[in-house]
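Going line by line, the protein sequences match chains B and U. My numbering applies: residue 123 is where the first sequence begins, and numbers increase by one. My numbering applies: residue 123 is where the second sequence begins, and numbers increase by one.
Mixed in with the good hints, there may be bad ones.
Output of the computed footprint for chain B on chain U, the stretches with three or more beta carbons under 8 Å from beta carbons of chain B [unchecked claim]:
id, region
1, 314–320
2, 327–333
3, 343–355
List time: in silico DSSO-like cross-link candidates among lysine-lysine, alpha-carbon distance up to 27 Å [said to hold, decoys possible]:
id, chain 1, residue 1, chain 2, residue 2
4, U, K204, B, K324
5, U, K286, B, K286
6, B, K352, U, K286
Hint data in this document are derived by calculation from the structure and do not stem from the laboratory. Positions of the beta carbon are idealized from the N, C-alpha and C atoms, including for glycine.
There are 2 protein chains.
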Amino acid sequence: MTQNIYDDPDFFHGYSQLGRSVHGLAGAAEWPALQAMLPPMHGVRALDLGCGYGWFCRWAAEQGVRSVLGLDVSHKMLERAKASTGQASVSYQHADLEQLNLPECSVELVYSSLTLHYLADLDRLFATVHKALVPGGHLVFSIEHPIYMASRQPGWIVTEQGRKTWPVDSYQLEGPRVTNWLADGVIKQHRTVGTLLNALIKAGFVLEHIEDWGPTDEQVAAVPALAEEKERPMLLLVSAHR
Amino acid sequence: MTQNIYDDPDFFHGYSQLGRSVHGLAGAAEWPALQAMLPPMHGVRALDLGCGYGWFCRWAAEQGVRSVLGLDVSHKMLERAKASTGQASVSYQHADLEQLNLPECSVELVYSSLTLHYLADLDRLFATVHKALVPGGHLVFSIEHPIYMASRQPGWIVTEQGRKTWPVDSYQLEGPRVTNWLADGVIKQHRTVGTLLNALIKAGFVLEHIEDWGPTDEQVAAVPALAEEKERPMLLLVSAHR
Chain B
123 MTQNIYDDPD FFHGYSQLGR SVHGLAGAAE WPALQAMLPP MHGVRALDLG CGYGWFCRWA
183 AEQGVRSVLG LDVSHKMLER AKASTGQASV SYQHADLEQL NLPECSVELV YSSLTLHYLA
243 DLDRLFATVH KALVPGGHLV FSIEHPIYMA SRQPGWIVTE QGRKTWPVDS YQLEGPRVTN
303 WLADGVIKQH RTVGTLLNAL IKAGFVLEHI EDWGPTDEQV AAVPALAEEK ERPMLLLVSA
363 HR
Chain U
123 MTQNIYDDPD FFHGYSQLGR SVHGLAGAAE WPALQAMLPP MHGVRALDLG CGYGWFCRWA
183 AEQGVRSVLG LDVSHKMLER AKASTGQASV SYQHADLEQL NLPECSVELV YSSLTLHYLA
243 DLDRLFATVH KALVPGGHLV FSIEHPIYMA SRQPGWIVTE QGRKTWPVDS YQLEGPRVTN
303 WLADGVIKQH RTVGTLLNAL IKAGFVLEHI EDWGPTDEQV AAVPALAEEK ERPMLLLVSA
363 HR
């Protein structure tokens, strides 16, 4: 059972204040890059693994998908998602992604935003997703970058000389990382870049595009705080097809 | 024209003292992992891009390759390689990998060890290599890891509390990195993990295995200094096929 931190009251409260929660996809700086990796959406059957408030599902419906099913482990998130969604092509369902079963060859697209780093067993999920996709179907996801997660003390180091750098240690030590982000004791699963990509290959996927996301100059000009995301890779974006 | 630092007297002298120069493949801790990524060698035609002293070429000859051609930009390295090699299946040739031309569908394996990070234009080389491989042929290489190369000041940070960490900054700033390793002014080319892997995909390769190399526990027990390579990813190993 994956930790359901999103139903922790402190976490949920903090999360609901984030730019991406208030402004949806427009509040997620990586969205333009991730969107560019999506296949044409019209008429496809899609799944959103870790749908949260349903921002992607509603956007997908606007693009004319045939159907989109949002899955999440958080009851509170699903409640909010359902209340915010009026489109008939969107549905939501409670699911633990580590126990997920899906009908074979049933969707053209599986999408996931910043969810997979919570899962200890990705091999099972990737195998399930691969079988659920039609041949040629796409998996497109974002995940916290292994370099962002690896350190025992993940936080900028600023030296007396004013040098600012991101620390990397424990990189080869795969497994849980406990952080205090929005709430205490949030558990994420660190794996190397190679382990993540090899899990996709082993499940039968062909890798199409890998991007250590960083902000554009225009994004930094608009939101100067984003500049630090040019210094370290915080997110990894991946697309692959069956 | 790629910088030919290996013909710099100071660099050449320093390089010739390294474990991997004295002991060959057995002196390179990543060799067992890289070797495990190679296809069966018997009867194949192989290329070694950046062959150095010819250790890999001689090993390949021992495995029964049909032929192996070692290419290098350094005249001194090639001289030493030729003097050390007696097998008829091995030949050497001077080449600037950024200007390389190869006959199409002429080899089953292209190998490269710790060379590609010196090249500014990988797209051209990957396209050339892809065409030179027979369908199903393999490209297997090691390269300095982007996380090892990114920082403006690549060196361990040790805090007053004794915490040791590897610095990451300037990650999105792709391009030359000048270091003083064995000689002053060694120029390497930093690119993100995504840029490297996407260049392979764009050239038509199918990614097979990606490994942020780290030492095994047995290696650390035998050579305790290797322990720090568990903390940061220093090398990236990649295999792909046409």
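Cross-check of the supplied hints:
1. Taking a C-beta to C-beta cut-off of 8 Å, the region 314–320 of chain U contributes 5 residues in contact with chain B, enough for the three needed, and the coverage statement holds.
2. Coverage of the region 327–333 of chain U by chain B holds. Counting CB-CB distances below 8 Å, 6 residues qualify, and the rule asks for three or more.
3. For a cut-off of 8 Å, the count of residues in the region 343–355 of chain U with a CB near a CB of chain B stands at 5, and the three-residue condition holds.
4. In summary, the hint linking K204 (chain U) to K324 (chain B) is not supported, as the alpha carbons are separated by about 40 Å, beyond the 27 Å threshold.
5. Note on K286 (chain U) and K286 (chain B): the hinted pairing holds, with a Cα-Cα distance of about 15 Å set against a maximum of 27 Å.
6. Restraint check for K352 (chain B) and K286 (chain U): satisfied, since their Cα atoms lie roughly 23 Å apart, inside the 27 Å limit.
Comparing the model with each numbered hint stated earlier shows that hint 4 is the single one that does not hold.
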